[in-house]
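Build the full structure now, drawing on both the sequences and the hints.
Residue numbers for the sequence shown follow this note's numbering, beginning at 1026 and rising by one.
These are computed hints drawn from the structure, not numbers from a lab.
When the alpha-carbon atoms are kept at most 20 Å apart in a straight line, the in silico PhoX-like pairs for lysine-lysine are as follows:
1) 1133 with 1179
2) 1286 with 1264
3) 1676 with 1633
4) 1230 with 1198
5) 1637 with 1679
6) 1764 with 1787
7) 1676 with 1264
8) 1375 with 1434
Label pairs and their calculated CB-CB ranges:
9) 1111 with 1426: 38 to 46 Å
10) 1897 with 1508: 51 to 59 Å
11) 1209 with 1773: 52 to 60 Å
12) 1528 with 1160: 47 to 55 Å
13) 1239 with 1166: 14 to 22 Å
14) 1658 with 1185: 47 to 55 Å
15) 1101 with 1146: 17 to 25 Å
16) 1508 with 1540: 19 to 27 Å
17) 1122 with 1145: 33 to 41 Å
18) 1174 with 1101: 27 to 35 Å
19) 1757 with 1230: 54 to 62 Å
20) 1185 with 1461: 27 to 35 Å
21) 1897 with 1728: 56 to 64 Å
22) 1480 with 1507: 15 to 23 Å
Ideal Cβ placement from N, Cα and C applies to all residues, glycine included.
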Amino acid sequence: MELNSLFASPASLSEAFNIDTEHPLRFNGTPEDFFGYSVYQTEFGNRKQIIVGAPLQGNLRGEIYSCTADLQSCKQLQRPECTMREVNVVFLFDGSSSMKAHEFQMNKDFIKNVMKELSDSSIKFAAVQFSSDIRTVFDFNDYQNGFAEEKLMKERHMKSLTNTYRAINYVLKNLLNNVSSGANPNAQKALVIITDGEPSENDSKNVLSRCDEQNIIRYIIGVGRVSLSTVIQLASEPKQYNTFSIQQYSGLQGLTDNLQKKINNIKGSKEAHGRNRQRELSQSGFSVIHQESCGPYFSPECGGKSYLIGVCYQFNSSLQAVSDFTVAYQECTKREVNVVFLFDGSSSMKAHEFQMNKDFIINVMKELSDSSIKFAAVQFSSDIRTVFDFNDYQNGFAEEKLMKERHMKSLTNTYRAINYVLKNLLNNVSSGANPNAQKALVIITDGEPSENDNGKVLSRCDEQNIIRYIIGVGRVSLSTVIQLASEPKQYNTFSIQQYSGLQGLTDNLQKKIINIKGSKEAHGRNVQRELSQSGFSVIHQESCSPYFSPECGGKSYLIGVCYQFNSSLQAVSDFTVAYQECTKREVNVVFLFDGSSSMKAHEFQMNKDFIKDVMEEFSDSSIKFAAVQFSSDIRTVFDFNDYQNGFAEEKLMKERHMKSLTNTYRAINYVLKNLLNNVSSGANPNAQKALVIITDGEPSENDNGKVLSRCDEQNIIRYIIGVGRVSLSTVIHLASEPKQYNTFSIQQYSGLQGLTDNLQKKINNIKGSKEAHGRNVQRELSQSGFSVIHQEDSVIVGSVGSNDWRGSLYEVTGSGSKETQIIDPAVSRDSYMGYSSVLGIRHGVALLFSGAPRAERTGLVTLFTKKQSTWTVAGHIRGEQVGSYFGASLSLLDVDSDGDSDFLLVGAPLFYQSQPRADGRLYVYALSEQHFQKTLTVSESTTGRFAASVASLKDLNGDSLPDVAVGAPLENEGVVYIYLGDATRGINLEHAPQQFGVSLSGQMDMNDDNLTDIVIGARGGIVLLKARPVMSVSAQLSFSPKEISLNYFECPGGNTFNAFNLTSCFLVSERTSSTGSLEKKLNVFLNLNVDVVQGINRGFFDPMDSSSRTLQQSVLLDSGFSCFSFSIFMPRCIADTVSPMKIQMNFSQTKMLSGNTMAVLDIHSRTEEYVEAITDHWGKFLEIFVGYPGSVHDARVLRNSPVYTGSLYPPPGKCIFFKALEISPAFVPKVVTCCARAS
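So this is what it looks like as structure tokens:
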């Protein structure tokens, strides 16, 4: 761990009540690891510790630390023993004469980069160059001894034929099966073949079969014009997964990350490729509670996107991890994206604004550098110029070329510029564009187009499904430039006032680009498991994941799973909550596509590309495909067996265009007979059957065989895609019910691309019956475990996604054997009930509160009470503001510690108030028998999502009241507000010191002083703030000598004399119950004022300065009794010797003395006192009154004293003090021995 400073200055720790912010204990981790995101105080074997999570450490694997109570050290907790198996990988790279010198160097750089990334693993590497000759570049021993890179860089280019099979045989004999090369006989073996040519010999020695027998995984990278159908045979199964194709050797760089992940996932069998990652990217420690730790951000990478999933760890009493489990894994469907920045270079912008354009582009590219996205850039004005293309970006020259680009300064020819981009970049493979990539265009302009779209360039963009983001700057008409954007136009258009606003768009644009999936419809897709965040809450001895995500026919069900642990924190059982049974059923789909003469060759190709894209999206599902071309003749292109065996795409691409009439009904009959009802075609008799018909013409015959009726009898779902001028009213009757839902109409065959995602969703929703399409979601997306309450005999979990997101609670008893749903009939769809929940009791009746932050748009909290084992709705509390998320957080307070809940705290973190500015609000409600009474609303933060979390704390200041912590995670770097408890209002707003932190734990005394300490986490460190003793102070005043002799007064006279001494005594006692050697001293600042009522200077502190009627001094108060004396001087000549002399004193606690941890002054202590000294005409003190405000006659003082007997004077030897009690504002007189003789 690094020990650099976490906080800039002590000022970032603002003062708190009895929390010692001057002497925090700190341990600084690494901000990049997010050390400190979760904290928890615990005790194992009489050892107090702080458990800290660092969820981003170790390439997102996450780590958990145990820190000592004094934060002197933090030790990483041991993970479960790894059963990792060594992997031996050989790079077999082509050295044929077809490649140039710089391409051969790219080969070597690629190998070097992969080895560097995997240097800290159990993987060993070797390398072989092959051509007509074969040569070992370095073996496993060289790699182990550190000589691999040196030997690789010295390797010369062979430049001859491509003897691939002989080279593979060489690798088997000399490396993988040769222990003298450093190979491990028990290791998993893998081979990475890089080639730009087909093998120049046959596999006469059956070398591929021998590789399969030894379970050697083979990855193939085909470069350039090499036939993919040929080299794919070199790969091991699954061949599509293990084969890469790139246009040039420069593309190797983009494969580095992908290949690393594949190698890293090798587990010792080919089947391992499909397994879910467990702990590699688990981000353990995102939350740390008791003896379980769950990381809700297990984050596999996919095309530059992180999928946030979940992993949990369980620890024994020695804090050693004994087990872990992951849930809700989402497979990656990575696709390359080509993005062009088209930026305005017109004369309307200044030089520094043109530079801002370039800086913005650089920032976006840097953020997305580690992804499958490639960039190019074009400046446009009256002229148009390529700044850098995709090749430049791939080879690392993009930023250099962009910085050198000069400002054109002319007109704004926007449409011509877009046409230029299509022709010269996006549709030009020589620019480095990938024909199969998703295309996107980012247009930055401050002017409207100066020409018309005569070339219909926007329509052509739509046909190619090119996503277009528009950034309009300054006074440009938004209604004009929005037309340049692709649908949805509002989503894809930005407007900023100045070019400086580009910086603020960086993050937003990055997210839009990284969400590109290959179709415009993908933007609206619902998130299933990619962001599941399993393990967001872990409570006591149960751990519930709200995102247990079983797979069903290509669909993810977001449900919930809970685990129960014994005293050794070993999982003894698990149960699912609100489980939705999967009715998974195989689906057989036939594409029946028109091959009539009405379509052109490129349109026929579009048909085939569309079918291929749909099949690729469903490759990992229970759906099987077949295809038939129909015209006057009918021909099976591939059947279900071909699809199952991996030959479908090859056969589809070879299919020739028939070019004849459209015999639709005969073709459907052919499909029924030869495919869907023919088991020899690979069809499953029990599968759901579906038919996708693509046609641009009406049937040329009648349905004499009643083929549509037979389809309906067999429940065959039929989707119809009508192209061009075909009559929709004619083809719609070919579709199954509901016909409108199952019919599509497009103007041209290029529109098929836009249908891909829509058709995928329809196929994916096939359930085996037509009625299933309209069914409401019940428990498939329940997300049970979003909130969790533990009871002695049951667990109550929140299920926000159940019942069409109305939400509900489930009470689970036993080991999940019985579950009871708790619903509120009053909540509507999308209410999210169960988002938060808290359990209390009042007068023996169990109270269950649940938050539904989206109910009725303002938010709702429902109260359930339990009668005869049944939870029933007893009341509601409604939010005040639309969108405030009222009910997102809940907590209860028992202020008098009688076991009954007295106050309910409700957070509304999205509440907004403009004047005064507030972001987030906390509501406090007093609980009574029949209703809720709002006692307080609190809005402290202006930007922080105040009340996103709220928690009751143990008593911090010794007043026997529970205190409250409220989180505002977005204020500055994160803030936690601490409020002291209040018996009448729940919390005390007058003493609400501000603290910081993204995580908080305050349930334990960490240093054995019997005071509750607080641990606060921040990004990169944790701080332990110790509690301080709370001291109560009372003051007493006295005078000496007993009398002032009148002989001292003489007029005229200019001298002064010491008339009397004022003694201030303090009685200090502790309100808290601390133990140990804590310093219990108070540094107090005294402020004394003499004769504050009179306008003349009769008394003063400095004999040389008669105006010194005020004295300020700091004194150190020890526990017990402390006294301090002050000399009061008077002039010898004084006119008024009759009026009382009033002395005022107030005191306050000052900053703690350096090096000491001292106590804090009780907020209830009276800190202001008055003294009036009254003398008789002889100068003798008659009364000393402490506490009476203002001037008062001595007769009134005497008459109200308990020693009054009707005499004109008090009893001999007595004087009267009025002393303020510590808990009451009333003044109670009591008699003490006077220090002045009274006559």
